[in-house]
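From just these sequences and the hints, can you work out the full model?
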Amino acid sequence: MRRLEPAAVLGVMSRDVTIFRKFWKATTFSSVVEPTIYLIAFGFGFGALVTEVGGVDYIEYVGTGIVASAALFASVFAGMFNTFVRREFQRTYDAILAAPVNTEELVTAEILWIACRAGVYCMAPLLVATLFGLTPEWTTIFVPFVGFLTGFGFASFGVLISALAKSIDNFNYVTSAVVTPLFLISGTFFPISGLPDGIQVIAQINPLYHCVQLVRALVLGGLELADAWHVVALLIFAVGMWLLAIWRQRIRLID
Amino acid sequence: MTAEPAISLHGVVKRFGPLTAVDHLDLEVPAGVCFGLLGPNGAGKSTTMRLLTAQALADEGHIRVLGHDVPYDSKAARLRMGVCPQQDNLDVEMSVRQTLAVFSRLYRVPRHERSAAIDRALQIARLTDRADAKVTELSGGMRRRLLIGRALVHTPDLVLLDEPTVGLDPQVRQELWSLIDGLRAEGVTVLMSTHYIEEAERLADVVGVMAAGQIVALGTPDDLVLEHAGREVIEVYGPPARLAEVDADATARGWQTRRSGPAVAILRAETLDGDAPDGERRAATLEDAFVMLTGAEVD
Ligand SMILES: Nc1ncnc2c1ncn2[C@@H]1O[C@H](COP(=O)(O)OP(=O)(O)OP(=O)(O)O)[C@@H](O)[C@H]1O
Ligand SMILES: [Mg+2]
Numbered sequence: 002m003r004r005l006e007p008a009a010v011l012g013v014m015s016r017d018v019t020i021f022r023k024f025w026k027a028t029t030f031s032s033v034v035e036p037t038i039y040l041i042a043f044g045f046g047f048g049a050l051v052t053e054v055g056g057v058d059y060i061e062y063v064g065t066g067i068v069a070s071a072a073l074f075a076s077v078f079a080g081m082f083n084t085f086v087r088r089e090f091q092r093t094y095d096a097i098l099a100a101p102v103n104t105e106e107l108v109t110a111e112i113l114w115i116a117c118r119a120g121v122y123c124m125a126p127l128l129v130a131t132l133f134g135l136t137p138e139w140t141t142i143f144v145p146f147v148g149f150l151t152g153f154g155f156a157s158f159g160v161l162i163s164a165l166a167k168s169i170d171n172f173n174y175v176t177s178a179v180v181t182p183l184f185l186i187s188g189t190f191f192p193i194s195g196l197p198d199g200i201q202v203i204a205q206i207n208p209l210y211h212c213v214q215l216v217r218a219l220v221l222g223g224l225e226l227a228d229a230w231h232v233v234a235l236l237i238f239a240v241g242m243w244l245l246a247i248w249r250q251r252i253r254l255i256d
Numbered sequence: 002m003t004a005e006p007a008i009s010l011h012g013v014v015k016r017f018g019p020l021t022a023v024d025h026l027d028l029e030v031p032a033g034v035c036f037g038l039l040g041p042n043g044a045g046k047s048t049t050m051r052l053l054t055a056q057a058l059a060d061e062g063h064i065r066v067l068g069h070d071v072p073y074d075s076k077a078a079r080l081r082m083g084v085c086p087q088q089d090n091l092d093v094e095m096s097v098r099q100t101l102a103v104f105s106r107l108y109r110v111p112r113h114e115r116s117a118a119i120d121r122a123l124q125i126a127r128l129t130d131r132a133d134a135k136v137t138e139l140s141g142g143m144r145r146r147l148l149i150g151r152a153l154v155h156t157p158d159l160v161l162l163d164e165p166t167v168g169l170d171p172q173v174r175q176e177l178w179s180l181i182d183g184l185r186a187e188g189v190t191v192l193m194s195t196h197y198i199e200e201a202e203r204l205a206d207v208v209g210v211m212a213a214g215q216i217v218a219l220g221t222p223d224d225l226v227l228e229h230a231g232r233e234v235i236e237v238y239g240p241p242a243r244l245a246e247v248d249a250d251a252t253a254r255g256w257q258t259r260r261s262g263p264a265v266a267i268l269r270a271e272t273l274d275g276d277a278p279d280g281e282r283r284a285a286t287l288e289d290a291f292v293m294l295t296g297a298e299v300d
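Chain order of the listed sequences is A and B. Residue numbering for the first sequence follows the numbering used here, starting at 2 and increasing by one per position. Residue numbering for the second sequence follows the numbering used here, starting at 2 and increasing by one per position.
Since the hints were made in silico from the structure, they are not lab data. Since this is a predicted model, take the numbers as computed values, not measurements. One should not assume that every hint holds.
What the hints assert, rightly or not - Examples of chain B residues toward chain A, derived with CB under 8 Å:
hint, residue
1, LEU20
2, GLN56
3, ASN90
From the three backbone atoms N, C-alpha and C, an ideal C-beta is built for every residue, glycine too.
What follows is the structure in structure tokens.
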């Protein structure tokens, strides 16, 4: 395994930062507005029917749940689309790989940057939920790390998909068949305990479910040692996807 | 003591499925030399360049660049190498200055030298007054110049220029030529592919003619011309029927000919004495040698 040199990784990230200076307003806008809409729609819509889930106020239940969705959406689409466009259409990666940067450094830098954004933007739903009456526990300060880890995994997943995709339209399959089900079967809007057994198993291997569980424990209190399992699950997902993403992107980038 | 060549390839093979793009290529480029790679479309010039940056991996053979084994130690080689690709891959999401800033980091220019390096590259690209323009706002020629400035931002020891003057107006092309001359004067090794024979003639110390993945001739432009086209050429003009007749006649006598536009050119005219048909005599050029070697017309 070749070494990951910080100078190379940071160099590639400096490009992301440069470009982000132009986009941050739009990104920030959508990452605040989206959870607000979910909170209003589900919080008030469902909240009229259900006031409590598992001993938690429904607004608090959804407000903590969509932290995971925010991390998911901030990472998986960036991983798929940005890397595909930069590789196939803009050929940016070709230019970068002619400089002293290896595929693993390039891929790692792109994923790291997306994960950092996910770590920050996953806090937006909590801010909004606070306005609707959520009072977070002090352990909430660890939520960005959970968002980062989740974002790292899903960004890697997106980068992997972009390496496997023949054309950009292929992403539609992944969005419908993978991203949407993961999003819905994660315990964000309703507990998975009500689902049929088979689907519950899917939920158990859904990284987003582990993210949701961790965030709820951190924000609403009641963190236990058993929750370490969720961290381990997210770590396995992140590292596994990262290695696969590097492997497949190298095949696409190097002739 | 003989210094190690800046680039050496031995027995290098690169296949794309059934197609062999580079076919047992042996090539050495001594340090400080401007090496011109000439060859028809699909000869394998760009593939060879990508092998040197480890963006393509050879199926067979050994490659060394600036004293480093490639691909094993390619990153160390790329640190001292600048690359201007055939296909424009400028970052359309950034401005001119941002492009150079990012690449000065990628090429590890020390922090305190970066702004001077960027200014210098802007000057090389003659884009100082367009520094804050977006890449998408540049003209084709300006983009090409930025591509070259980007390749030189870290004052490399070796530059790979893959058809650097395509799409440039004659004046800018001249400027680029003097730039390349300047690089050579500073001891920078240049490997340049080109379709413009005149460019190779003007700039290259050594020309390698590539065809079907191999170097088929190697030497100074003068030597190549002498060896493969002789000193003089007679060009016979006329209607197609007359040209075919001249061609057949010349071939029958064992003379070498080539079609050049509306004329038949008979090579090595100086050896023909009185036998030669009437036509315009001119000095043989690298283009004549190129066509004889590759069978291809230049575009
Ligand atoms: N990624 C690739 N996949 C498949 N075939 C390739 C690939 N890259 C190059 N080739 C093939 O390899 C051969 C050599 O291509 P290369 O680009 O090296 O030629 P070239 O000498 O640079 O030509 P040109 O003067 O047109 O730029 C061509 O037949 C080309 O189709
Ligand atoms: Mg080429």
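Here is what the structure says about each hint:
{"no.": "1", "hint": "LEU20", "result": "violated, 12 Å"}
{"no.": "2", "hint": "GLN56", "result": "holds, 6 Å"}
{"no.": "3", "hint": "ASN90", "result": "holds, 4 Å"}
Against the hints set out earlier in the document, a violation occurs for number 1 only.
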